[in-house]
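Engineer: Sequence:
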Amino acid sequence: MNSSEPAPRAYHSSLREEQAEQTKQRIARAARQRFVESGWAGTSVRSVAADAGVSEATVYAVYGTKAGLATSLVESGELDAGVEQVAREIDAAQGDPRGQLAAFIRFDRRLFERGGDGLRLTVEGGRNEPALAAAYEQGRARGDANRRGLFASWPSGALRDGLTLDRALDVYATVCSIQTFDIATRERGWSVDEVEQWWVETLTELLLA
1 MNSSEPAPRA YHSSLREEQA EQTKQRIARA ARQRFVESGW AGTSVRSVAA DAGVSEATVY
61 AVYGTKAGLA TSLVESGELD AGVEQVAREI DAAQGDPRGQ LAAFIRFDRR LFERGGDGLR
121 LTVEGGRNEP ALAAAYEQGR ARGDANRRGL FASWPSGALR DGLTLDRALD VYATVCSIQT
181 FDIATRERGW SVDEVEQWWV ETLTELLLA
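The sequence shown: position 178 = 178 (our numbering), numbered continuously.
Derived from the structure by calculation, the hints contain no laboratory data.
A quick note: this is a predicted structure, and the numbers were derived from the prediction, not measured.
Backbone N, C-alpha and C define an ideal beta-carbon position, used for all residues, glycine too.
Misleading hints may appear alongside valid ones.
Stated by the list, open to error - Straight line, CA to CA, 20 Å or less: simulated SDA-like cross-link-like pairs of lysine to any residue:
{"no.": "1", "residue 1": "Lys-24", "residue 2": "Gly-82"}
{"no.": "2", "residue 1": "Lys-66", "residue 2": "Arg-160"}
{"no.": "3", "residue 1": "Lys-24", "residue 2": "Val-83"}
{"no.": "4", "residue 1": "Lys-24", "residue 2": "Gly-68"}
{"no.": "5", "residue 1": "Lys-24", "residue 2": "Ala-131"}
{"no.": "6", "residue 1": "Lys-66", "residue 2": "Glu-129"}
{"no.": "7", "residue 1": "Lys-24", "residue 2": "Gly-53"}
{"no.": "8", "residue 1": "Lys-66", "residue 2": "Pro-155"}
{"no.": "9", "residue 1": "Lys-66", "residue 2": "Ala-81"}
{"no.": "10", "residue 1": "Lys-66", "residue 2": "Ala-20"}
To be verified - Between beta-carbon pairs, the in silico distance windows are:
{"no.": "11", "residue 1": "Gly-149", "residue 2": "Thr-204", "range": "14 to 24 Å"}
{"no.": "12", "residue 1": "Ala-209", "residue 2": "Arg-16", "range": "42 to 52 Å"}
{"no.": "13", "residue 1": "Leu-206", "residue 2": "Ala-20", "range": "39 to 49 Å"}
{"no.": "14", "residue 1": "Trp-198", "residue 2": "Leu-163", "range": "14 to 24 Å"}
{"no.": "15", "residue 1": "Arg-167", "residue 2": "Ala-134", "range": "31 to 41 Å"}
{"no.": "16", "residue 1": "Glu-56", "residue 2": "Val-123", "range": "22 to 32 Å"}
From just these sequences and the hints, can you work out the full model?
Structural biologist: In structure tokens form, the structure reads like this:
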């Protein structure tokens, strides 16, 4: 035996992790489509499993319960919005708060544009269904945590004078939301590009020095 022998085991482990992630993504997208089409009450774990091409046992192994599947409404939207893409764009704009802020706004634009159907279901259905309310809160908390990490990484003086990190998060969430997106596009007739441009201009002015 030689020192290179552990490599195949590491490779197989990595391959299994990649396959497991692909299965989770397939289930998440199938669940979101089924929830949007059939509603929360009209969706069963069996129907999601059939749409995803996996067994019910696999769905339960990945998400635990039907309530756990509610998180797929947000997770699949984030996948379609390009989580890896925004990470690359933020890294490419290192040292440029304006560029990084614009990259995060572009991600949210894609999230609302491509995954808005699932997000709306968590907002509207969450009024009566605790699992959907919990999924919305988890997604919101994840977004806040990511933005907090980004804003905190900026050099001192990047935020407007007197603006705390918590207030900056509040301002971002108030301006850039699925509700604002829907008002602009559905009620006021804005294009998605116009919404993104307005978000970039407004949040740059409100948040950055």
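Engineer: Are the hints correct? Go through all of them and say.
Structural biologist: Quick rundown of the hints versus the structure:
no. : hint                            : in the structure
1   : Lys-24 <-> Gly-82               : holds, 16 Å
2   : Lys-66 <-> Arg-160              : violated, 44 Å
3   : Lys-24 <-> Val-83               : holds, 15 Å
4   : Lys-24 <-> Gly-68               : holds, 12 Å
5   : Lys-24 <-> Ala-131              : holds, 19 Å
6   : Lys-66 <-> Glu-129              : holds, 12 Å
7   : Lys-24 <-> Gly-53               : holds, 11 Å
8   : Lys-66 <-> Pro-155              : violated, 43 Å
9   : Lys-66 <-> Ala-81               : violated, 24 Å
10  : Lys-66 <-> Ala-20               : holds, 19 Å
11  : Gly-149 <-> Thr-204: 14 to 24 Å : holds, 19 Å
12  : Ala-209 <-> Arg-16: 42 to 52 Å  : holds, 48 Å
13  : Leu-206 <-> Ala-20: 39 to 49 Å  : holds, 41 Å
14  : Trp-198 <-> Leu-163: 14 to 24 Å : holds, 20 Å
15  : Arg-167 <-> Ala-134: 31 to 41 Å : violated, 26 Å
16  : Glu-56 <-> Val-123: 22 to 32 Å  : holds, 28 Å
Going down the numbered hints, you'll see the structure goes against 2, 8, 9, 15, while the others check out.
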